[in-house]
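There are 4 protein chains.
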Amino acid sequence: MSIRLDENNYGKQRLRLLRLSRRDGWHHIKELTLGIRFEGDFESAHSKGDNRKILPTDTMKNTVYALARQHPIKTAESFCLHLADHFLARNPQTSRVRIDAVETLWTRLPIGDKSHAYTFTGASAERRIASVDATRNEKIIHAGIEGLVVLKATQSAFEGFLRDEYTTLKEARNRILATVISARWLYRDAEPQSDAIWNEVRQTMLETFADHDSQSLQHTLYAMGEAVLHKFGRIREIRLSLPNKHYNLVDLSTFKLDNPDAVFLPTDEPHGLIEATLRKD
Amino acid sequence: MSIRLDENNYGKQRLRLLRLSRRDGWHHIKELTLGIRFEGDFESAHSKGDNRKILPTDTMKNTVYALARQHPIKTAESFCLHLADHFLARNPQTSRVRIDAVETLWTRLPIGDKSHAYTFTGASAERRIASVDATRNEKIIHAGIEGLVVLKATQSAFEGFLRDEYTTLKEARNRILATVISARWLYRDAEPQSDAIWNEVRQTMLETFADHDSQSLQHTLYAMGEAVLHKFGRIREIRLSLPNKHYNLVDLSTFKLDNPDAVFLPTDEPHGLIEATLRKD
Amino acid sequence: MSIRLDENNYGKQRLRLLRLSRRDGWHHIKELTLGIRFEGDFESAHSKGDNRKILPTDTMKNTVYALARQHPIKTAESFCLHLADHFLARNPQTSRVRIDAVETLWTRLPIGDKSHAYTFTGASAERRIASVDATRNEKIIHAGIEGLVVLKATQSAFEGFLRDEYTTLKEARNRILATVISARWLYRDAEPQSDAIWNEVRQTMLETFADHDSQSLQHTLYAMGEAVLHKFGRIREIRLSLPNKHYNLVDLSTFKLDNPDAVFLPTDEPHGLIEATLRKD
Amino acid sequence: MSIRLDENNYGKQRLRLLRLSRRDGWHHIKELTLGIRFEGDFESAHSKGDNRKILPTDTMKNTVYALARQHPIKTAESFCLHLADHFLARNPQTSRVRIDAVETLWTRLPIGDKSHAYTFTGASAERRIASVDATRNEKIIHAGIEGLVVLKATQSAFEGFLRDEYTTLKEARNRILATVISARWLYRDAEPQSDAIWNEVRQTMLETFADHDSQSLQHTLYAMGEAVLHKFGRIREIRLSLPNKHYNLVDLSTFKLDNPDAVFLPTDEPHGLIEATLRKD
Chain A
5 MSIRLDENNY
15 GKQRLRLLRL
25 SRRDGWHHIK
35 ELTLGIRFEG
45 DFESAHSKGD
55 NRKILPTDTM
65 KNTVYALARQ
75 HPIKTAESFC
85 LHLADHFLAR
95 NPQTSRVRID
105 AVETLWTRLP
115 IGDKSHAYTF
125 TGASAERRIA
135 SVDATRNEKI
145 IHAGIEGLVV
155 LKATQSAFEG
165 FLRDEYTTLK
175 EARNRILATV
185 ISARWLYRDA
195 EPQSDAIWNE
205 VRQTMLETFA
215 DHDSQSLQHT
225 LYAMGEAVLH
235 KFGRIREIRL
245 SLPNKHYNLV
255 DLSTFKLDNP
265 DAVFLPTDEP
275 HGLIEATLRK
285 D
Chain B
5 MSIRLDENNY
15 GKQRLRLLRL
25 SRRDGWHHIK
35 ELTLGIRFEG
45 DFESAHSKGD
55 NRKILPTDTM
65 KNTVYALARQ
75 HPIKTAESFC
85 LHLADHFLAR
95 NPQTSRVRID
105 AVETLWTRLP
115 IGDKSHAYTF
125 TGASAERRIA
135 SVDATRNEKI
145 IHAGIEGLVV
155 LKATQSAFEG
165 FLRDEYTTLK
175 EARNRILATV
185 ISARWLYRDA
195 EPQSDAIWNE
205 VRQTMLETFA
215 DHDSQSLQHT
225 LYAMGEAVLH
235 KFGRIREIRL
245 SLPNKHYNLV
255 DLSTFKLDNP
265 DAVFLPTDEP
275 HGLIEATLRK
285 D
Chain C
5 MSIRLDENNY
15 GKQRLRLLRL
25 SRRDGWHHIK
35 ELTLGIRFEG
45 DFESAHSKGD
55 NRKILPTDTM
65 KNTVYALARQ
75 HPIKTAESFC
85 LHLADHFLAR
95 NPQTSRVRID
105 AVETLWTRLP
115 IGDKSHAYTF
125 TGASAERRIA
135 SVDATRNEKI
145 IHAGIEGLVV
155 LKATQSAFEG
165 FLRDEYTTLK
175 EARNRILATV
185 ISARWLYRDA
195 EPQSDAIWNE
205 VRQTMLETFA
215 DHDSQSLQHT
225 LYAMGEAVLH
235 KFGRIREIRL
245 SLPNKHYNLV
255 DLSTFKLDNP
265 DAVFLPTDEP
275 HGLIEATLRK
285 D
Chain D
5 MSIRLDENNY
15 GKQRLRLLRL
25 SRRDGWHHIK
35 ELTLGIRFEG
45 DFESAHSKGD
55 NRKILPTDTM
65 KNTVYALARQ
75 HPIKTAESFC
85 LHLADHFLAR
95 NPQTSRVRID
105 AVETLWTRLP
115 IGDKSHAYTF
125 TGASAERRIA
135 SVDATRNEKI
145 IHAGIEGLVV
155 LKATQSAFEG
165 FLRDEYTTLK
175 EARNRILATV
185 ISARWLYRDA
195 EPQSDAIWNE
205 VRQTMLETFA
215 DHDSQSLQHT
225 LYAMGEAVLH
235 KFGRIREIRL
245 SLPNKHYNLV
255 DLSTFKLDNP
265 DAVFLPTDEP
275 HGLIEATLRK
285 D
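Residue numbers (the working numbering), protein chains in the order written: chain A, 5 to 285; chain B, 5 to 285; chain C, 5 to 285; chain D, 5 to 285.
Don't read these hints as lab results, they were simulated from the structure. All of these numbers come straight from a predicted model, not from anything done at the bench. Just to be clear, a hint being listed does not mean it is correct.
Stated by the list, open to error - Negatives, chain A to chain D, calculated, CB over 12 Å:
#1 ARG27
#2 HIS32
#3 LYS52
#4 THR61
#5 ALA70
#6 LYS118
#7 THR158
#8 ARG167
#9 SER198
#10 ALA200
#11 LEU269
#12 GLU279
Said to hold, decoys possible - Derived lysine to any residue pairs resembling SDA-like cross-links, with alpha carbons at most 25 Å apart:
#13 LYS52/A to GLN17/D
#14 LYS52/C to THR271/B
#15 LYS284/D to GLY44/A
#16 LYS174/B to LYS78/A
#17 LYS249/C to HIS86/D
#18 LYS118/D to ASP217/C
#19 LYS52/D to ARG167/A
#20 LYS118/C to LEU71/D
#21 LYS78/B to ALA121/B
#22 LYS260/D to HIS90/C
#23 LYS78/A to PHE259/B
#24 LYS174/D to THR271/B
#25 LYS57/A to GLN17/D
#26 LYS57/A to SER25/A
#27 LYS249/D to GLN207/C
#28 LYS249/D to THR37/C
#29 LYS174/C to ASN263/C
#30 LYS52/D to HIS250/A
#31 LYS174/C to LYS78/B
#32 LYS78/D to THR111/D
#33 LYS118/C to ASN263/C
#34 LYS143/D to HIS86/D
#35 LYS52/D to ALA200/A
Just so it is clear, CB atoms sit at the ideal spot from N, CA and C, and this is done for glycine as well.
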C-alpha cells in the first residue's frame, strides 16, 4: 500500500488591515480581513519535514503590510490581484495562489445633509467579499456580498407543494419572507471592477427581492440571479446561498385570540437553505 | 450554621417576537428579544420544592405573545412597561419584575428617493435597548443603545500620561480612535419616550464623538455624556461603556518603509475599556 | 444644573497569557485571559483631558507579562492577588483594583493508563474563573466556574405550579433537566485556595445535581448551593446562575406515533434562567 | 443570451434532536444537529415558481423526528444513511440526497470509579461528524471530527524555511505547537462503522501529534494522516485541516528580563492554516 499526498494548501488567515489615506482634509479608510492560500510543490515538506520550499505564513503577513504601504488600495479586488501577482512572481514553487478578502463596510457619519470628513460608523454585519484565484495561466476574480439581511412583510407565498405522510405545513398565500443574502459573482474579464458596479449589483438584488411576486425562496433566488445576469454584461455567473429565516405565526387560539399576521416568532434553527448557481450559456 | 437564601430571581430569556402592523398599504415591523425576571417570595420553592408560587416561565412566554396580539407595540419601553404592569398586577407573590428588551433595528429599503412599503434591510449590529425595573412603589425606565461601532481617523491624542518602569507606549498626537458605543440612560419620569428622543440622543453622542478634540477616550466619553445631559432635560443620568478598539500603526522600518498613518492593524484583544456614569446633581 | 462624574473605572480586557514551566521533563501550562479595572481619582482625566494620573492600559498589559515571567503562576487566584497588590502599591491614584481571570482548562493526553508529559487537549468549553477585588483595606477573592454543561435524563419533575389564563404547560413527572453551571463563591479568608478545593467544589455541585430528586431547577440550585456551603467551612457564600436548557418532547401524534420519552427537541431560545445567592448567617 | 440554472440544492439546516433510550436503568443519549440537502429536478420551481416537485423543508424536519422515533440511533452515520435511503426511495424527483450530522458529545458523570447511570456532562467543544452523500447508484460515507483542541509544549521546530526580503521570522528549535483538529475520512465500504473505530482513529491522530518529532505543521499533519491510513484498512482517504494557533514568546528584553520559553501570548488572528488530503493509491 502506498500513500499519496493529494490536494493540499497552506497559508495565513484572518490577516487584518486598515488602510488610511487623506486627500484635501477628507479621510478615506478601507478595512480588510485577508486569507492567503498557496498550492504548489510542497510534497517534501509534508513527507520529509524539509522546509526549503515553505515561505513562512509570517512572511505572507509582513508582505501584506509592506504592499499595503507601497500602494493605495482602490478596491478589495485590486489589492487581492496585487498580492496574487506578487506571490506568484516571487515563488516559483507555487502553482496557484488564492487571496480572499472580506471588507468591513464603513459609512461616513451623516450630520444634517452632509457627511463627516473623518468619522465613520460601522455600517452593518454586511460584508463585501472579493477573491482572486490565480495560476500562471489564468486569473479568476469573484466579487460578492455576505450577511445582507433582508425581510419582506408581504407578497410571498408557498403553495402547491409536494405532500407526503409527514407533511403538516399549511399553504401560505402571504407569509413573511426573510433571508441573509450571500452572493458571489464572476466577472468575464480578470479586471477589478469599480465600486459603482458592486453597488449596482447589490441594489439590483435588493430591488428584485422586494418587488418579486414570490412563489418560493427558490423562485425569488432565481429572479435575483437572472436580474443581475441580464443587467450586467460583464458578469457571467452568480451563485446565491439564501437561508430561509422563518418567522412563524404564533398560534394564540388557546387564548381565544386570532392572529391575522400580527405576532410572529423569529427563529434561527432549524432554517431552510436554498442554493443555486445561474450561468450565461 | 444556618444557610439563608439571599438575592434570587427567575424568569425567561431570549423571548423573540416580531410584531407586524399594516396601515394604508404601509407595513410596520418591530422585532424584540425580551428577558423577564421575577423577584419575590420564592423561598419555599428553593428550600422545599414547593412550586405553588412559581408561575412557569412557559406562561411568561405565552403572556408575551398574547399581550403583543392585544396591543400595538409603540416602543420597546412601552411594551416592557405593559408587561411589568401585567405581571405585577396578577402575581402578588412577586415584589419586583424586570423586563429587558433588545430591539433589532430594521431600515426600509431605499429605492431612488423613496422607501419601500414593506421591504426592510437589517440595519446593523447596533441594537436599541430598553428596560423596566418595577416594584409596586416605583418604576425605573432605562433606554439605551448597544453595538454602535464608530471610528474617527484624526483629532484624537493620548499624551502626558503616567509612566512607570513597564511603560513603553509612545505619546500619540494623532491616532485613530474607535469604539463600540454602549450607553444606557435614565429618564426622570417613568414614561416611555418617543422614538424621536432616542434618535436625538444617539445623534448627539455621535456628533460629540466626531467633533471632540480628544485627549483620551475618558475625555471623549465624558464629553458625550455631558452633551446628552445638557441637551435633554428629561434625562437625569447616563452610563457609557466604551471599549478602546486599538488600531495599531504597523512598524515597517525593518523593510525600509516609513508608515505615516497609512497602514494599521485592527485588533480585538487586548482592548481598553472605559466606563463611567454621569449624573445631574 | 451641574453634572457629576459618578462610578467610573478603566483598564484592559482580554489580556491573554500562557505560562509554561518544565520540571523533570514534565511540562506544566496555565492559560489565562485577564481583565484589569482601576478605580480612583480620575476626575480630571474625564473633565479636563489631563492624563497625568492615567497609567496607560498598555502598561497594564506589559506588567502582566513581566510579572508572569518573574513569578510562577500557582493558581489563577494567586496571580490575580499578585497583580492587584502590585498595582495598588505603585499607584496611589487608585482606590480599588479589580482583576478577573478566566482559565482555559487543559487536560493531559491520556495514553493507555498514563498521561503524556507535554501534550494536552482542550478539556471543554468549561472555564475556571477567579477574581480579586482589592482596596487598601480589604481584599475579596471569588472563585468560580462557567460553562459546565450538565444533563440528567430522569429524576426531575415540575408539578403543582401556579396557573393563570395563559398557562398551557403540562405537569411533568419525569423530564430531562439540563443546564450550564455558572457559579461563583467567596472564601472567608483572602487567601488563594488550592486546586484540590476547587475540584471538590465542582464535584460536589455535579454529584448533587445528579442525585437530587428535583422538583424544579430552583430546588436543585438550592440543593447544590447548600451542599457546597455545608461541606466547605471556608466558603461563606455562593451564587449560582442556571439557565434551564429545555429539551422538549416532540409531539408525534399527527403521525400516529407515541413518544414515550424517546425523541426530544433541544432548544437554546427561549430558555429559563434561575439565579440565587446562598449565604451562611 | 440565455441563462441556465446550474448546480442547485435545497434543504433544512440545524435540525436538532436528542434521542433517549433506557435499558436496565441505564440511560443512553445521542444528540445530533442535522443538515439535509436535496438535488434533483427543481428547474421549474426556480424559473416558474411551480412547487409541485418541492417537498417542504418542514416535511424534512417532521421526517427526522418520526424516523428517530421508529428506529434506535446506533451511530450518527447509520441514522444519516437511514434518512438518505428514506428520502431517495420516496422522492423520485431527487437525484442526490446529502445528510450531514454533527454530534454533541456527552460523557457520563464519573463518581469515584463509577459512571453515573443517567447524568452526563458536556464533554467539550469537540464534535463528531458524519455525512452521507447518496445517489441511486452510490453512497459515500464520511466520518470525522471537529474542534479537537490540542497543544504540545515541546518537540516542535520550524527551521530552514524559504526566506525573502519580507521574512523576519526567527528559526525555532523548540516552539509550542497548537491546533484544532478538523478531520474527515472516507470508508472503503458504504457501511456505518462502530464507535470503537471512530475512537481509535481519534486516538491514533492524538498520539501521532504527541509523539511526532515535528519539523512543521505540514510535517505533523502528514504523519497523522499516514498513521491513520496505515492502521485502518477500511479507510481509504483522510483530509485534515489544521490551523496553526500561534503562541508567541513575549519579548521582555525592554524590561531587562529574559524569557526562556516561559511567557507566551496566545493569539487567534492571524493564524496559519494547513490543509491536505492523503489517499491510498
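Going through the hints against the structure:
1. ARG27: 28 Å, holds
2. HIS32: 24 Å, holds
3. LYS52: 8 Å, violated
4. THR61: 4 Å, violated
5. ALA70: For ALA70/A, whose nearest Cβ neighbour in chain D is about 6 Å away, the distance does not exceed 12 Å, so it is violated.
6. LYS118: 36 Å, holds
7. THR158: 16 Å, holds
8. ARG167: 8 Å, violated
9. SER198: 22 Å, holds
10. ALA200: 22 Å, holds
11. LEU269: Given that every Cβ of chain D is farther than 12 Å from that of LEU269/A, nearest at about 14 Å, it holds.
12. GLU279: 5 Å, violated
13. LYS52/A to GLN17/D: 41 Å, violated
14. LYS52/C to THR271/B: It is violated: about 28 Å lies between the C-alpha atoms, which goes past 25 Å.
15. LYS284/D to GLY44/A: 20 Å, holds
16. LYS174/B to LYS78/A: 31 Å, violated
17. LYS249/C to HIS86/D: With a Cα-Cα distance of about 29 Å, the restraint between LYS249/C and HIS86/D is violated, given a limit of 25 Å.
18. LYS118/D to ASP217/C: Since the Cα atoms of LYS118/D and ASP217/C sit roughly 20 Å apart, the hinted pair holds (cutoff 25 Å).
19. LYS52/D to ARG167/A: 19 Å, holds
20. LYS118/C to LEU71/D: Cα-Cα ~42 Å, so violated.
21. LYS78/B to ALA121/B: The given pair, whose Cα atoms are some 19 Å apart, holds under the 25 Å limit.
22. LYS260/D to HIS90/C: Answer holds: LYS260/D to HIS90/C is near 18 Å, not above 25 Å.
23. LYS78/A to PHE259/B: 23 Å, holds
24. LYS174/D to THR271/B: Holds, at roughly 23 Å.
25. LYS57/A to GLN17/D: 41 Å, violated
26. LYS57/A to SER25/A: Distance of about 36 Å is beyond 25 Å: violated.
27. LYS249/D to GLN207/C: 31 Å, violated
28. LYS249/D to THR37/C: 16 Å, holds
29. LYS174/C to ASN263/C: Holds - the C-alpha atoms of ASN263/C and LYS174/C are around 15 Å apart, at most 25 Å.
30. LYS52/D to HIS250/A: Measuring from Cα to Cα gives roughly 23 Å; hence the hint holds.
31. LYS174/C to LYS78/B: Given that 25 Å is the threshold and the Cα spacing comes to 33 Å, the pair is violated.
32. LYS78/D to THR111/D: Holds. LYS78/D to THR111/D sits at ~16 Å (cutoff 25 Å).
33. LYS118/C to ASN263/C: 44 Å, violated
34. LYS143/D to HIS86/D: With Cα atoms ~12 Å apart, LYS143/D and HIS86/D stay inside 25 Å; holds.
35. LYS52/D to ALA200/A: 31 Å, violated
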